[in-house]
Amino acid sequence: MEIFTVKNPGALTTIQDLGRFGFLEMGVPRSGALDSFACRVANLLAGNPENRAVLEITITGPTLVAMAEAEIALTGAEMGMTVNSNPVGSWRTTRVQKGDIVRIPRASSGCRAYLAVNGGFDVPLVMKSRSTFVRADFGGLKGRGLVKGDLLKKGEDIVLPEPSRILPAQFIPEYRKEIVLRAIPGPQDNFFRNAADSFFTTRYEVTAQSDRMGCRLRGPLVEHDPGAPRSIITEPVTPGNIQIPADGQPIILLVEQTTGGYSKIATVITADMGGIAQAMPGSPVRFKRVSIEEAHRLYREDENRLQKIRKILR
Amino acid sequence: MSSNLYDTVRFRLSGDCSLLVDCGEGIDPLVNRKVLSLSSRLRENPPRGVQNVVPAYRCFAVIYDPLRTNPVALKSEIISIENTKPDANPPEGEVVFIPVCYGGEFGPDIDFVSSVTGLKLEEIMEIHSSCEYPVYMIGFTPGFCYLGGMNERLRAPRRETPRLSIPAGSVGIAETQTGMYPVESPGGWQIIGKTPFRLFAPERENPFLYKAGDRIRFEPISSSEFRRLYEKERS
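Top to bottom, those sequences are chains A and B.
Here the working numbering is used: the first residue of the first sequence is 1, the next is one more, and so on.
Here the working numbering is used: the first residue of the second sequence is 315, the next is one more, and so on.
Hint data in this document are derived by calculation from the structure and do not stem from the laboratory.
C-beta: ideal position from N, C-alpha, C; glycine also.
Watch out, some of these pointers could steer you wrong.
Examples of chain A residues toward chain B, derived with CB under 8 Å [what the hints assert, rightly or not]: (1) 22; (2) 28; (3) 127; (4) 136; (5) 238.
Construct the entire structure; sequences and hints are all you get.
Put into structure tokens, the structure is as follows:
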């Protein structure tokens, strides 16, 4: 059923779910929500399975007119959402009525917010996912970001018994201005033996050239060791790989690339990928070296936290 | 005789969910064959926690769920698969025919390639379409295949300034490589022709026409045949 008309799309608003899995070997990247924790919690608050399609909202948000009654929930970046000019908080469920105007102005903390609706946004499944992959023109709503005048539909009508569900404050992530990303050395750390120590102590800055493919940083040059090849034979890449191109400025790969020919000094751990999604252009970033065992311990810790949230919001 | 193939596979960590398995050095048909056969055996009998296996030229990535496995367990499982004799020879892969209209509006760089190689348009067509190109790996964009085996006589440098947009279906040459653009994208390859086939069609039951391990054979077609097939593909 039709649920929203788009009055104003915002800077970049796309439909995403948790991603498109199983096609990496065909060059089709995962896509999906960059901050998967925020996407999962938005869905749980709206009474959905965690993988339903949501709106991923970047820096400035959309204005939407409700065409029917629905439950909505906004998570991720703090965007100052209002319904008919009344502020409604994030990380909680809000009921909207037909004709209500939902405004999601601008991120004041964090960079990306996620809007879920009960039933999930309804677009065709393409290769097992509803995620938009703009560069290849498919998935989501016609393979592109929202534009003015779009009609958004939602899936089967789930009516929530409790209209106001709230994520307890201790589970709400804090988006700091300065971001510390924990990373495991490799897969080409042996090309950067001289640069490694300074890489893990230097401050970089997120640039405005960042997108869903890569978070581009600016800072002191990361130099290859003398004799180390500048490029490698093309190999699979993974979200979090920190590649060092010829200009020595690191790029953290995100969710829209499957292979690459640049060397990677280190790889951001899964537990910190949401932190990159929430980094605004201009944010300072530091890297901290961790072991794979530590990365896996943090991965399990995140899973346990999510398990607790599932119990509370069920 | 020296070989690029490793005696036994080597491992590299790529973050906390991906393990790279190296089979050898360089771009070498033997090394790539090992990559494809070992990765397909792993895909047929995935060890616990393995979610995806992604082959490339000389290595493959094993994507895993850290809640269900870890690199130590995976390494020993992969080595034990490597050391087990396969039940049967690996499948040979298929020959996939791709019709191409060379030159003219579809191949804007064919005159440049002709001037660098000293070959006439007919000769370029003849040489480019007279052999089978093995698909070593797929990546860069959906369905973009890295092909081996191009005749050295067709060698041409990349464009000095990459084009901002190359139409889907374009067939090009860069140095000693040839390839096709399945989706519209920027690129620096010399474009010599175009296929009317949709190399990537996400809504089609099988979105792709080939996979790693297949061989591509280009078939020259006329511009009228191009138009007929183009309409047919999109009707």
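Taking the hints in turn, this is what the structure says about them:
1. Contact between residue 22 (chain A) and chain B, as hinted, is supported at the beta carbon level, the nearest pair being about 6 Å apart and thus within 8 Å.
2. Among the interface hints, the one on residue 28 (chain A) holds; its C-beta lies about 5 Å from the nearest C-beta in chain B, closer than the 8 Å criterion.
3. The beta carbon of residue 127 (chain A) is positioned within 8 Å of a beta carbon in chain B (closest approach about 6 Å), and the interface hint is therefore held.
4. Taken as an interface hint, residue 136 (chain A) checks out: its beta carbon lies about 5 Å from the nearest beta carbon of chain B, inside 8 Å.
5. Interface hint status for residue 238 (chain A): upheld, as the beta-carbon distance to the closest one in chain B is roughly 4 Å, under 8 Å.
In the structure shown, no violation is registered for any of the earlier numbered hints.
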